[in-house]
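J.: Each chain is listed here by its residues.
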Amino acid sequence: MKKTLALATGLAAALGLGQAAAQVSDDVVKIGVLNDQSGLYADITGQGSVLAARMAAEDFGGSVLGKKIEIVFGDHQNKPDVGSNIARQWLDVDKVDAIADVPTSSVALAIQEITKTKNRVFLISGAASSDLTGKACSPTGFHWTYDTYMLANGTGGALVKAGGDSWFFLTSDYAFGHALERDTGAAVTAAKGKVVGQVRHPLNTSDFSSFLLQAQASKAKIIGLANAGGDTINSIKQAAEFGIVAGGQRLAGLLVFITDVHSLGLKTAQGLVVTESFYWDLNDETRAWSKNFMAKHGGKAPTMVHAGVYSAVKHYLTAIKEAGTDEAGKVAEKMRQMPVNDFMTKNGQIRQDGRVMRDAYLLQVKKPEESKGPWDYYKVLSTIPAKDAFRPIEQSECPLVKKS
Amino acid sequence: MFELLGVPPQALFGQLLLGLINGAFYAMLSLGLAVIFGMLNVINFTHGAQYMMGAFCAWMLLKFLGLNYWFALILAPIIIGAFGILLERLFLRRLYNLDHLYGLLLTFGLSLIIEGVFRNQFGSTGQPYDNPLPGGQNLGFMFLPYYRAWVVVASLLVCLATWFVIERTRLGAYLRAATENPTLVQAFGINVPRMIMLTYGFGVGLAGLAGVLAAPIYQVSPLMGSNLIIIVFAVVVIGGMGSILGSVITGFALGVVEGLTKVFYPEASSTVIFVIMAIVLLVRPAGLFGQTR
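Protein chains in written order, with the working numbering: chain A, 1 to 404; chain B, 1001 to 1293.
Possibly wrong hints are sitting among the right ones.
Stated by the list, open to error - In the DSSO-like style, the derived pairs of lysine-lysine whose C-alpha atoms are separated by at most 30 Å in a straight line are:
{"no.": "1", "chain 1": "A", "residue 1": "Lys300", "chain 2": "A", "residue 2": "Lys221"}
{"no.": "2", "chain 1": "A", "residue 1": "Lys367", "chain 2": "B", "residue 2": "Lys1063"}
{"no.": "3", "chain 1": "B", "residue 1": "Lys1063", "chain 2": "A", "residue 2": "Lys366"}
{"no.": "4", "chain 1": "A", "residue 1": "Lys296", "chain 2": "B", "residue 2": "Lys1063"}
{"no.": "5", "chain 1": "A", "residue 1": "Lys95", "chain 2": "B", "residue 2": "Lys1063"}
{"no.": "6", "chain 1": "A", "residue 1": "Lys402", "chain 2": "B", "residue 2": "Lys1063"}
FYI, nobody ran anything at the bench for these hints, they're computed from the structure.
Pulled out of the complex, with its shape left as it was, chain A reads as follows (with noise of 0.2 Å):
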């Protein structure tokens, strides 16, 4: 061991980079994927993010400034405080560098206080809440994938537009579920239309009969359902038995991934109207990435969770190169100069909120009939910019935006 390191570091001396080989802490870069890796959310995020970051350390050649990458793994259940622990002991005992993914709004509220407060650095990709970009935001914490802002607008504004006028949410009971709700009703209300009402459901409810019927005595055009993973599954399945849709009203699944349209099968996902930052048939590129990781993903396709992930730790490791250290100050600072290109970003940039600001895609559900193949489950209705797509800067509740 010791020999290969004094090799590595002696070839990365030879390469010129041996100042900033001293600079890297611990000897390793370690980043930490911490997610639901049993619950609700585990398909969409779960081992799908840590696959996608290890084929970015792959991709990386496994090393940086000279010394290894590696990447760990937690299971934070959905609760902040599982997550918190864990961060906490990767940060002071682990030595982790970075915390990457961290689905449920909750936990990654916490981890973004505490990667804040110990200077570390925050690569979000599973969580939706955009308060973590708000009034949440972070020096060193950044939002790669989507955000409730985009969802609200990007779906809502489209139905809106097809003569959605009013609207009643099924909203899950925590931060993330109460962020969704906000931003699609601000998103309804600017786009003239009005809502009606909301009932809220504890996370992980299996039935939803209840919430419908409320739903569906409210009269209102559109039930926009505030959930997501294994709750927004269950609340379309019934709302088809319900007949809620027969009776009229149409279901916004606000944040719906691939796995959960897969999950319900397309008979009954079909037309369903959804935005998202990746679908892996979108071009030769997504296609080619997205191949190499069903392959090793027991043939499923990526969820634009997965997709982040992988952005995000390439990006990352990228900063690192180029900022010569590991410190999460200098690297965020770097992460921030370089406009982000990868396989599912075309020059994206990084805002001082921590916002990636990337392209986001309407996508629309596919009828049985019109599907060619396993995973062929969307059509792109239309392609949302990036400034269009995400909460402009001025808007923003961040301490860290100076407002002139």
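Got chain A; can you put chain B on it based on the hints?
T.: Relative to chain A, chain B alone:
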């Protein structure tokens, strides 16, 4: 239109009916638990996993063998029951003379393993299962899907039949006697170990049947059992451990209570049952229908 506590009465009727439907699942699952606990004194923590296996069994029968829902309704409980018998022969049998806790630990461990295997194989989002009885009837105050109506009827029939067999037939009498005094019953020439084994198989089969009934409503997912099992245990505790009629009545009643909570204060709908459990335990530690032993 007059309103009751801010909710129109039609909506209230609808919610009551929905509560009964959900109560049907609680009743069927807690019935299985009560039978197993009453007869074997085993706290069967694998019940949730076996419910999940019932749903997966139905899904696999359809996907791999092309057998539809109605076949699954008969086949899946038999298959899952047989699996239960296997568990009983291999593991549970060795624990009858030990404290309850050992059985609880064993079954809890087994359920973690079973769920882990399924999650690893099928992922956590689950598989779709088509509704065999699409459509429904507009009752004026709510839209009642045919399938949900069928679930209530089926579950009531199963609960009544089970109660009748155990409380009103000769076989049931043997069973109850064997629980009280196995040695004596054996002396009369009745094969007690086999009877116990079949009883466990039956209880597990009930869980499997509930799983098949649930498949078209919920997503067939490895997590479906663990989401439900804790609530069902609360139902059993409230009804009185081992009381068959108690578990059925409590199951339906709590379904209704939960349904009403979803209208008046939805945020608390996942906790209301545990609040009731705490109160019942304070006032009647043996449960509403239980007898102190």
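J.: Determine for every hint whether it applies to the structure shown.
T.: Right, here's what the structure says about each hint:
At roughly 34 Å between alpha-carbon atoms, A:Lys300 and A:Lys221 are farther apart than 30 Å, so this suggested pair is violated. A distance of roughly 21 Å separates the Cα atoms of A:Lys367 and B:Lys1063; the hinted pair therefore holds under the 30 Å criterion. For a cut-off of 30 Å, the pair hint linking B:Lys1063 to A:Lys366 stands: about 22 Å separates their Cα positions. For the suggested pair A:Lys296 and B:Lys1063, the alpha carbons sit about 25 Å apart, so the restraint of at most 30 Å is met.
At most 30 Å may separate the alpha-carbon atoms for a hinted pair to count; A:Lys95 and B:Lys1063 exceed this at roughly 47 Å. For a cut-off of 30 Å, the pair hint linking A:Lys402 to B:Lys1063 is broken: about 58 Å separates their Cα positions.
Checked against the numbered hints listed earlier, the structure breaks hints 1, 5, 6; every other hint is satisfied.
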